Structures are given as C-alpha cells and as structure tokens.
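Asker: Here is how the chains run, residue by residue.
There are 2 protein chains.
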Amino acid sequence: MNLAAVTAPRTPRRPAAETRERLLDVGSELINSQGYNNTGINAIVQAAGVPKGSFYYYFASKEDFGLAAIDRFDAHYRSKLDAAFKRPKVPPLDRLRRYLETGMADMIKADFGSGCLIGNLGQELAGRHPAFRERLDLVFSGWVARFAACLDEAHQRGDITLVGDSQQLAEFLLSGWEGALLRAKVTHNTAPLQAFIDLFFTQVLRDA
Amino acid sequence: MNLAAVTAPRTPRRPAAETRERLLDVGSELINSQGYNNTGINAIVQAAGVPKGSFYYYFASKEDFGLAAIDRFDAHYRSKLDAAFKRPKVPPLDRLRRYLETGMADMIKADFGSGCLIGNLGQELAGRHPAFRERLDLVFSGWVARFAACLDEAHQRGDITLVGDSQQLAEFLLSGWEGALLRAKVTHNTAPLQAFIDLFFTQVLRDA
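Chains A and B are the protein sequences, given in the same order.
Position one of the first sequence corresponds to residue 25 (our numbering), numbered consecutively onward.
Position one of the second sequence corresponds to residue 25 (our numbering), numbered consecutively onward.
Keep in mind that the hints are not guaranteed to be accurate.
Copies of one chain are not kept apart here, so a pair can be met inside one copy or by any two copies together.
In silico lysine to any residue, SDA-like type, Cα no more than 25 Å apart, as pairs [unchecked claim]:
1. 86 / 211
2. 113 / 172
3. 76 / 61
4. 110 / 136
5. 76 / 121
6. 133 / 152
7. 133 / 192
8. 86 / 138
9. 113 / 225
10. 133 / 154
11. 86 / 57
12. 133 / 157
13. 113 / 123
14. 133 / 158
15. 104 / 169
16. 86 / 212
17. 113 / 212
18. 86 / 96
19. 76 / 133
20. 133 / 155
21. 76 / 182
22. 76 / 212
23. 76 / 125
24. 76 / 135
Simulated from the structure, these hints should not be mistaken for laboratory data.
Keep in mind the model is a prediction, meaning the values are calculated, not measured.
So here's chain A without its partners, still in its complex pose (with noise of 0.2 Å):
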C-alpha cells in the first residue's frame, strides 16, 4: 500500500464505488490492447480521470490491480457462458457452437483488435509472474469445466461418442480456440475462427 498517496491532499477520503469499476474498466481495456507490462498507473489513472491516489485507496499495488481485473472480466465472462450454456432447450452442441459463433462476432467488431484478456495476460505473464500464472489458470480451468459439462451432455444423449475423456476434449477445445483467436489477431481475418469451428464439429467430434 503506498500510504503517501493515500493520505495525498487531492485524495477523496471516500472515493465512490463506481471509481473503483471506472479504473477496472479504463485500466482492463489499456492492459488489453497494449500488454500489462506496457500500462503503468499514471495511464490509467489519467485515462480514468482520477487522482493517482484514488487508485492507491482501491489497489495495493499493480499486480494487485491486475488481478482485480482478471476477477473482474472472469466474473463478466461467467454471466456470458451462463447465458450461452444454461439453456437446457437448446441441444447442447448448438450452444457450444452459438459461443464460437458469438465469439467470432465480437472479434470482427474489435477488428481482430483485442483478443482473448485472459489469452493475452497469458501470453504475457504466466512464464515469470507465478501468482497471475495461477490465477489465470484458474479461470482458464473454469472454462475447461463448463466446456466439459457441455461435452458430457452431448455424449449423454448420444449426440457424440467419446473417445478420451470429455475433460481432455475440453482442454483440446480451449486451447485451439485460444490459438484460433491469436492467428486472427494476425490474419487479420476469421479464417482461422471458422477454419477451428468446421473441423471441430466436422472431425474432432464426428461419431466413432
């Protein structure tokens, strides 16, 4: 905690909450398109327009606000798998299928800008940052579960045979999806998305 910018005289001594939400959101969208390594303080701060200090009332520091940031978009990207697999009257690969369908939409609508948070902090930290390793592997395995969850059901209702064991299938899922959206970033086009979702559905899950 840096208490010299805590007690700074241009600090709110109670900030609003939503200040808190503005320099998640300010600060997850400048880690996002250049690199967490690349964002310092003083640019979210300024991107948020607060005082710097405002940011030392919320986070201990920057790992402590990345890690706030990986919470939050996990919690956000939650609602959005709730929305897209909790739908029982729907087979369960159509929605698997709905995810990566939406998913290539929102890629084209960032212009192959962005990309994955969770992928790209991945990318970028997980080889020398061991407490945001184990963080995002958290989320990832998260993923993997309710990937799986969705694979079990298909093959409960005889949709699909399968071969190994649906946690591994799910595995295979998130990392070619992960890689799918990193070649789209430079592509710079949806081939790589649609090249993974056709071979998905047309080889990795034909019945035996």
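Knowing the structure of chain A, use the given hints to seat chain B on it.
Answerer: Relative to the frame of chain A, chain B by itself:
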C-alpha cells in the same frame, strides 16, 4: 536513423558484424520473456554490453530491430523445420508427430517460461502494429505451408483421408498448437500439449 547516436564518440566506426547478431540474440531473449513494449533499447544495449550508438548503426529504430528479430527467428526456425520435415525416409505423419514432441521437449527445457516468439509477438502487437502483423502473418503462413505439404504427402500415401483441404487442416494445426503452447505456459505442465497431440492424431487425422 538516429544520426546523433551514430556519430556519438563511443560508437565504433565499423562495429564487428557479430555485434548485430549479439544485439539480436540478447534482444530477442528479452522480448520473448518480457514483451516487446516492455523492452527498451537501453536494456538491450546494456544486456549486450555494447554502446547505444552500435544499436543505431545497425537499426534505424526499435521497430526496425523488432522486425529484424522476427526475420532472424524465422531463418533459424526454418532450419529446424527443414531438419524435421525434409526427411523422405520418415513417414510424413511420424515427422509431424516428432516435430510436435520436440516442441513439447523445448517447452519443458524452458520450464514453460517462454513459448513461441512469433506467437508472443502476435498476441502483443498484431492488433496495433500493421507492420508487425504483416511480417508475423508471413512467418505463420510459411509454417502453415510446410504443415500442409506434409499432410498432402500423407494423403497421397493413403495414410489419411482429407475431408477439407490440407491448407485448412494445416491452419487448424497451427492454431491448435499455438493455443496449446499458451495454455501450457499457464498450467505449467505438458498436459495441454499432450492433449493436443493425442486428439489431433486420433480424432482429427483418423481415417474417414
């Protein structure tokens, strides 16, 4: 070109050719472990133990350096790909499997810390730097062509049945493998790489 730096007194008039290699060696390693944006020219020249003027003797700018680092990695990696794929006596699918297993061994050697320079730079820079995006796309496309040729050969021998074209399958392979490398950095173990290799061979390439 920074002329002031080139004409600075400490700059050797004709630095040895290996100085350029040394700058690229050291700089590529720094970039791969901590990111392009986070690696300053000062850090590169300090780590290389050369005066700053030497940097500007060889490179017009940091971007120029970054693109040269990509080209150099590509050239080195091309020899690795040649060694793996130009082996007419080894069945093509065995070449592919050994290539992926060598990549897995490299990740273990690097303690899951670095991953693929091209993938890392793609994740960090493709969204905002068109010059990098285009160069990285060229490199990835070269790899895809190499994979596609190997898959075509396997198809011609009757080892696999191609459902779509080999190009699409090779794109799927590249995306999946890049994603598995990223995921392995985050899990800090080989499970995602092994899951990718297993399912790619048993599911994606299995005969129709």
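Asker: Taking the hints in turn, state whether each one holds.
Answerer: Here is how each hint holds up against the structure:
| no. | hint | in the structure |
| --- | --- | --- |
| 1 | 86 / 211 | between (32 Å within a copy, 23 Å between copies) |
| 2 | 113 / 172 | within (18 Å within a copy, 40 Å between copies) |
| 3 | 76 / 61 | both (18 Å within a copy, 23 Å between copies) |
| 4 | 110 / 136 | neither (28 Å within a copy, 35 Å between copies) |
| 5 | 76 / 121 | neither (44 Å within a copy, 53 Å between copies) |
| 6 | 133 / 152 | between (32 Å within a copy, 15 Å between copies) |
| 7 | 133 / 192 | between (31 Å within a copy, 24 Å between copies) |
| 8 | 86 / 138 | both (21 Å within a copy, 22 Å between copies) |
| 9 | 113 / 225 | within (20 Å within a copy, 34 Å between copies) |
| 10 | 133 / 154 | between (33 Å within a copy, 18 Å between copies) |
| 11 | 86 / 57 | both (17 Å within a copy, 19 Å between copies) |
| 12 | 133 / 157 | between (28 Å within a copy, 18 Å between copies) |
| 13 | 113 / 123 | within (15 Å within a copy, 44 Å between copies) |
| 14 | 133 / 158 | between (30 Å within a copy, 20 Å between copies) |
| 15 | 104 / 169 | within (15 Å within a copy, 36 Å between copies) |
| 16 | 86 / 212 | between (31 Å within a copy, 23 Å between copies) |
| 17 | 113 / 212 | neither (35 Å within a copy, 38 Å between copies) |
| 18 | 86 / 96 | within (15 Å within a copy, 34 Å between copies) |
| 19 | 76 / 133 | neither (32 Å within a copy, 42 Å between copies) |
| 20 | 133 / 155 | between (32 Å within a copy, 22 Å between copies) |
| 21 | 76 / 182 | neither (57 Å within a copy, 65 Å between copies) |
| 22 | 76 / 212 | neither (37 Å within a copy, 35 Å between copies) |
| 23 | 76 / 125 | neither (40 Å within a copy, 49 Å between copies) |
| 24 | 76 / 135 | neither (32 Å within a copy, 37 Å between copies) |
Checked against the numbered hints given earlier, the structure breaks hints 4, 5, 17, 19, 21, 22, 23, 24 and satisfies all the rest.
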